[in-house]
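Sequences are here, hints too, so could you generate the full structure?
Going down the list, the protein sequences come from chains A and B. Per my numbering, residue 36 is the first one in the first sequence, and the count goes up by one each step. Per my numbering, residue 2 is the first one in the second sequence, and the count goes up by one each step.
Derived from the structure by calculation, the hints contain no laboratory data. Think of the CB as a built atom: it goes at the ideal place given N, C-alpha and C, for glycine as much as any other residue. Hints may contain errors.
[Stated by the list, open to error] Partial list, derived from the structure: chain A residues whose beta carbon lies under 7 Å from chain B:
| id | residue |
| --- | --- |
| 1 | E67 |
| 2 | Y74 |
| 3 | R78 |
| 4 | L79 |
| 5 | L81 |
| 6 | V125 |
| 7 | G127 |
| 8 | G129 |
| 9 | K131 |
| 10 | L132 |
| 11 | G135 |
| 12 | G137 |
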Amino acid sequence: AQRVTQPEKLLSVFKGAPVELKCNYSYSGSPELFWYVQYSRQRLQLLLRHISRESIKGFTADLNKGETSFHLKKPFAQEEDSAMYYCALVTGGGNKLTFGTGTQLKVEL
Amino acid sequence: NAGVMQNPRHLVRRRGQEARLRCSPMKGHSHVYWYRQLPEEGLKFMVYLQKENIIDESGMPKERFSAEFPKEGPSILRIQQVVRGDSAAYFCASSPGQPGNSPLHFGNGTRLTVT
Numbered sequence: 036a037q038r039v040t041q042p043e044k045l046l047s048v049f050k051g052a053p054v055e056l057k058c059n060y061s062y063s064g065s066p067e068l069f070w071y072v073q074y075s076r077q078r079l080q081l082l083l084r085h086i087s088r089e090s091i092k093g094f095t096a097d098l099n100k101g102e103t104s105f106h107l108k109k110p111f112a113q114e115e116d117s118a119m120y121y122c123a124l125v126t127g128g129g130n131k132l133t134f135g136t137g138t139q140l141k142v143e144l
Numbered sequence: 002n003a004g005v006m007q008n009p010r011h012l013v014r015r016r017g018q019e020a021r022l023r024c025s026p027m028k029g030h031s032h033v034y035w036y037r038q039l040p041e042e043g044l045k046f047m048v049y050l051q052k053e054n055i056i057d058e059s060g061m062p063k064e065r066f067s068a069e070f071p072k073e074g075p076s077i078l079r080i081q082q083v084v085r086g087d088s089a090a091y092f093c094a095s096s097p098g099q100p101g102n103s104p105l106h107f108g109n110g111t112r113l114t115v116t
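Here you go:
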């Protein structure tokens with residue numbers, strides 16, 4: 036079955052601390068993975084995609100096929116990083132994005 | 002570009018009534034997706050449409066739910082004879098191509114409450 040798992044519902048860190056939001060996937064083919072973010076009172080938007088291998092707002096995510104993971108990382112959390120983060124996988128022959136249940140990141144001062 | 006527009010933002014319906022949710026994609030986007038978010042759950046795919054065609058409706062409940070994306074006008078998600086379990090936030094997204102090639106742009110959602 037094609038599935039995305041985000042095991043943490045809530046992750047609370049202090050400002051300046053490292054952040055790692057976990058994402059594991061189940062997919063038989065070559066995966067295409069994304070991280071989407073929803074800031075308070077804003078719409079869901081793309082943060083980054085694994086194929087681009089880029090860093091956005093200090094966040095990076097590396098695809099680990101051996102561990103079937105695509106964890107989102109940032110070395111030093113900022114208050115403005117507080118948001119809901121969703122990991123997503125292209126499935127259905129490229130017809131849809133399957134989302135995880137999301138992780139609420141709370142950065143405390 | 003105003004982004005993906007969904008209306009209404011909030012919709013209250015009594016059990017048995019019909020709910021019609023509208024989504025206007027971003028200019029230039031011909032791919033539309035509907036997702037449902039139940040309390041405490043993630044976004045669940047419902048349907049993927051291109052102009053006048055349903056491409057993938059594998060996430061749509063078999064009864065009472067239908068979707069369309071006509072040549073002119075917005076995409077419509079229609080729920081007939083609503084029940085309490087239909088209460089959820091419904092999100093529309095659009096893209097210029099398939100999700101593997103193009104990021105999805107989301108609307109603000111319609112929150113449906115069935116009383």
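* Any hints from earlier that this structure breaks? Give me their numbers in increasing order, please. => 2
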